[in-house]
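Student: Taken in sequence, the protein lines are chains A and B.
Every letter in the first sequence is one number past the one before it in the working numbering, and letter 32, counting from 1, is 21.
Every letter in the second sequence is one number past the one before it in the working numbering, and letter 70, counting from 1, is 243.
One should not assume that every hint holds.
Stated by the list, open to error - Cut-off 30 Å, straight-line C-alpha distance, at most; resulting in silico cross-link-like pairs (BS3-like, lysine-lysine): (1) Lys35(A) x Lys476(B); (2) Lys(-3)(A) x Lys310(B); (3) Lys304(B) x Lys476(B); (4) Lys17(A) x Lys286(B); (5) Lys413(B) x Lys(-3)(A); (6) Lys43(A) x Lys476(B); (7) Lys25(A) x Lys413(B); (8) Lys43(A) x Lys338(B); (9) Lys251(B) x Lys548(B); (10) Lys17(A) x Lys271(B); (11) Lys(-3)(A) x Lys403(B); (12) Lys403(B) x Lys25(A).
As the list claims (entries may be wrong) - Over the 10 Å line for every Cβ pair with chain A, so calculated as not near, a few chain B residues: (13) Ile236; (14) Glu314; (15) Ser337; (16) Glu367; (17) Asn396; (18) Asn406; (19) Glu420; (20) Arg506; (21) Ser539; (22) Leu558.
Stated by the list, open to error - Some chain B residues close to chain A (C-beta under 8 Å, calculated; not the full set): (23) Leu289; (24) Glu326; (25) Ser327; (26) Ala328; (27) Arg331; (28) Phe336; (29) Leu339; (30) Ser344; (31) Cys345; (32) Lys398; (33) Gly414; (34) Ile416; (35) Val419; (36) Cys423; (37) Leu524.
Honestly, the hints are just simulated from the structure, not real lab data.
If you're wondering where the values come from, they're calculated on a predicted model, not measured in any experiment.
Backbone N, C-alpha and C define an ideal beta-carbon position, used for all residues, glycine too.
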Amino acid sequence: MPWDINNKKCIRCGGCVSVCPFAALELKENVIFNEKLCTLCGICEKACPVSAIKVTK
Amino acid sequence: MSYDVIVIGVGPAGASCAKKLAENGFSVKVFDRREELGVPVRCGEGLNERTQELIGKIPDRCIAQRIKGARIYVPNGKYLEAVLEYGGFILDRRFFDKWLAEQAEKAGAEIQKNTLITDFVKENEYFNGVKGEFQGKEFEEKAKIIVCATGAESALRRVLNIFSKLNLIDSCLQYKMSGIDVDSDFIHIYIGNEIAPRGYLWVFPKGKDRANVGAGVIPGKQNAKYYLDKFVNDHQELKKGKIDLVEGGCVPVGGLLKNMVTNGFLVCGEAAHHVNPIHGGGVKEAIISGRLAADVITDCLKKGDVSKKALSRFNEVWWEKRGNHLARVEKLREVVEKLSDDDLNDLVDALKPEDLIEFSRGSKLSVLAKALMRKPRLITLAKHLL
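Let the sequences and hints guide you as you build the complete structure.
Tutor: Below you can see the structure in the form of structure tokens.
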């Protein structure tokens, strides 16, 4: 997968969800990526307060 | 069965909106994804005492600490001490949010927790229901109007194509700490480009040995955790303490919306970026926004018209009561974030503490402009405030 969420680091704050311009993220028990909507723009990675998301293009 | 209104999210905005609608005699169903309301906390929990003029006396159990005001520290260590005329407090959101929800329930709203709303139902270009998951089962519920009061961290805002822009958020991390030393009469705010680019660090006391200690920064080279850890390490009175809980979030500090409605649908509270752009405080704005939304929805339901045109009264009312004012505060933030650490140090000597409180309310910005104009380099920036 072109992204990786470190669920040990993730504090489930939903910050990534709030900045996603494509509504491609959802906060359930963990953060869920919608592959169809994600454009790999990397904005979620930048917004994360604990750097739990890595987008690898 | 079908309801007059479905509210998604029972934080300060959703609860205030649901309460008022139920009081006005409408059937209201409220969904919240959380099992326990008020958890996890996504904020510093500070609130001005005068908010009680809107929601009534807040019970003591919801208040962790009463404060006199705020100390704002600039990079050279000096601070301005701004005393609030009526004081303020640090809430315990675990109790405060439950209390707000109880108020809505007492007024007649039905609250269903543990429920994730995943999608909407639309008929003839009007939103008239939600789809969700409850106890492992999918369900559908109908209403004349859907209120989205989810906070910013919800993909449901896609309906109005709302998302928070990266340059208009503070990426925040907060530690609930114990075993520290803190002056509990004040909240403590630390500003500076080096310690917290664009945003600030905060220590919100809960007693003399506990506090919410947090950092909010514009996303950049380092994450919020980097600045927060550095801050805690650099302050002996904090370093000796223990981190009991880690919380976070991205707070919208700008990006005010011209339109917050469509046919059968309205968004309010933090979901609609109703947050004070200078300090990121959202509880009071959410309460005001939820209540204004309820007023407009009441009129629309009475007239039997829930069209975008009818609901857009909310846009007018909110902008008149809050938007224009918050837009001025947004300008203030734009100016403050361009100041160097030296500029901030100099401002401490040029300003009176009470000015700060006025600034945060979007008032008296000309006073700040005048102070900035003492430096020729800052004249253009100062004009932005006028």
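Student: Hints first: check each against the structure and report whether it holds.
Tutor: Each hint tested on the structure:
no., hint, verdict
1, Lys35(A) x Lys476(B), "violated, 46 Å"
2, Lys(-3)(A) x Lys310(B), "holds, 28 Å"
3, Lys304(B) x Lys476(B), "holds, 27 Å"
4, Lys17(A) x Lys286(B), "holds, 14 Å"
5, Lys413(B) x Lys(-3)(A), "holds, 25 Å"
6, Lys43(A) x Lys476(B), "violated, 50 Å"
7, Lys25(A) x Lys413(B), "violated, 47 Å"
8, Lys43(A) x Lys338(B), "holds, 19 Å"
9, Lys251(B) x Lys548(B), "holds, 20 Å"
10, Lys17(A) x Lys271(B), "holds, 22 Å"
11, Lys(-3)(A) x Lys403(B), "holds, 21 Å"
12, Lys403(B) x Lys25(A), "violated, 39 Å"
13, Ile236, "holds, 24 Å"
14, Glu314, "holds, 19 Å"
15, Ser337, "violated, 5 Å"
16, Glu367, "holds, 18 Å"
17, Asn396, "violated, 5 Å"
18, Asn406, "holds, 17 Å"
19, Glu420, "violated, 7 Å"
20, Arg506, "holds, 18 Å"
21, Ser539, "holds, 34 Å"
22, Leu558, "holds, 28 Å"
23, Leu289, "holds, 7 Å"
24, Glu326, "holds, 3 Å"
25, Ser327, "holds, 7 Å"
26, Ala328, "holds, 4 Å"
27, Arg331, "holds, 4 Å"
28, Phe336, "holds, 5 Å"
29, Leu339, "holds, 5 Å"
30, Ser344, "holds, 5 Å"
31, Cys345, "holds, 6 Å"
32, Lys398, "holds, 5 Å"
33, Gly414, "violated, 19 Å"
34, Ile416, "violated, 12 Å"
35, Val419, "holds, 5 Å"
36, Cys423, "holds, 3 Å"
37, Leu524, "violated, 30 Å"
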